[in-house]
Amino acid sequence: MGTSDIYREIILDYYRNPRNYGKIDDADVVIKDSNPLCGDEIEMHIKFKDGKISDIKFNGKGCAISQASASMLTEIVMKKSIDEVRKIGKNDILESLGLQNLGPARIKCALLSLKTFKLALYSYLANNMNKEDQELKDEASKLF
Amino acid sequence: MNVKEFDVEKIRNDFPILKRSIRDKPLIYLDNAATTQKPKQVIDALIRYYEYHNANIHRAAHTLSEESTKAYEDAREKVAKFINADKEEIIFVRNATEAINLVAYTWARVNIKEGDRIVITEFEHHSNIVPWQLLAKEKGALLEYIRIDDEGMLIIDDLHNLISKNNVKMLSFSQMSNVLGSIAPAREIIKYAHEHNITTLLDGAQSVPHMPVDVKELDCDFMAFSAHKMLGPTGVGVLYAKRSYLESMPPFLGGGDMIKEVHKYDTRWNDLPWKYEAGTPNIADVISFGSAIDYLLEVGMENIHNYEQRLTKYALEKLSSIKGLEIYGTFDVKKRGGIVSFNLGDIHPHDLATILDEDGIAIRSGHHCAQPLMDKLNVAATSRASFYLYNTKEEIDALVNSLERARMIFRI
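Chains C and Y, in that order, are what the protein sequence lines are.
Quick note: the numbering used here has the first sequence finishing at residue 144, numbered continuously throughout.
Quick note: the numbering used here has the second sequence finishing at residue 1412, numbered continuously throughout.
Only chain C is shown next, with the shape it has when bound in the complex (with noise of 0.2 Å):
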């Protein structure tokens, strides 16, 4: 894949300008995680009510890859109910990144946000809802 390819408009703009960035206050998760490789680093900032994701916000440092996906992901994810957002990929954030051929190195950059946003999502169940989903843990450590 092309650096033209990954540098395009839209990532840019997701970059200089986030979507939901910033913190939540009372929110009912925080969690935070970094790719030691980089130093990349993302936190996740959930309010949830009625089993549904009522706001989400991120904050972090890193990457216009790293940061972009953070912030697509918080629009893919808001408002929705635990039970659709627990099922999202890596494909469905690589695909609304338009980057599904990022090179080794470069594809934590993209998914780091979908693994703190897992186990935000697994805190939170194992937390508030008493359950503990071990299925969504695997899946966050296993994104890399």
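Among the clues, some could well be false.
What the hints assert, rightly or not - Derived BS3-like pairs (lysine-lysine); straight-line CA-CA distance at most 27 Å:
1. Lys1025(Y) / Lys108(C)
2. Lys1323(Y) / Lys61(C)
3. Lys1078(Y) / Lys1260(Y)
4. Lys1376(Y) / Lys61(C)
5. Lys32(C) / Lys1376(Y)
To be verified - Covered stretches of chain Y (chain C as the covering partner; in silico rule of three or more C-beta atoms under 8 Å from a C-beta of chain C):
6. 1211 to 1225
7. 1404 to 1411
Said to hold, decoys possible - Short derived list, chain Y residues pointing at chain C, Cβ under 10 Å:
8. Asp1357
9. Ser1365
10. Gly1366
11. His1367
12. Gln1371
13. Met1374
14. Ala1380
15. Ala1381
Hints are computed from structural coordinates only; laboratory data are not their basis.
Note that the Cβ used here is the ideal one computed from N, Cα and C, for glycine as well.
Given the structure of chain C, go ahead and fit chain Y onto it with the hints provided.
Chain Y only, in chain C's frame:
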């Protein structure tokens, strides 16, 4: 050979990898501070050893073992001559990191006590920070940092203040920063430390490959460097230590080869340098490291240093012309080596490295194992281009063109 005769095309022909293409573009390798490429002389030495001489060294009476022992010890002698040391003062380890750890776990563990101070600098690589943190925590010692100025040079007043404090036992610093390229005035610093009875360790990982380094002239007590950053193979590092230190220090790893006699409850250590080399060493790579040193001496360290200074001057001038590009460190090439760190607008270094890779250009992006320095520079990461004797002005032009392309893609 003087500078005018420096034949970079002839040198390039010795490096098989430089004939490679990356994404249909000729490889431009500018990640030499991480590891350097290997000339065919070094690769051939490795193959020759395994095809013709391979045997374990020391204490065997057969021909192969005699040959490999001689080749291994000859390589030690080459390394010793290269830095003007005695061969008993050269300990082979895995890398510069292990060399620093060896000192932290042996000399320092015995000599540093609660309340003592260890002084390092703000431009150290993690390998010259973490071993001292571990030791300071274990002993209740204090770790202190000499600060750097806006040009990335050590603040000498700061050094004087820190060193004249009570109970400073150890000063450990890089001769050349792996991020900024800054060269520390090592001889003056070490002289000053010795006036205060402070033991000195010089991290030569970035300096020894690129300039003449003479341990007798510098008078450092310890020096660490790595073979793979100077045309040699991975898996070999060197600890130089003054004989007086090696004689009094306890051993590092215990096992075969580092002993003279072993009894049930007591052991007599082997002579220097073998007292510090337990187990079968990295024989093949040490021997081919000897070929790397032959190669560097053939070209001449003074010539390499001069050539790299010219390249660096050219690179700094060219890079400065790029709109939105910020360079970290001094522009005075007399005070720095061929390592140039920069950021371009709001492009993250990983994105920049991805774009450059498409043009066949290999640079490093990230924190370069120097996170305290990144904090000091107030950046999360930088891009870094680092040069060696086979790089050319044309390659720097290609780097500049590729950076301009990145600037277009990101609309900076």
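Contradicted hints - numbers only: Structure breaks hint 6 only.
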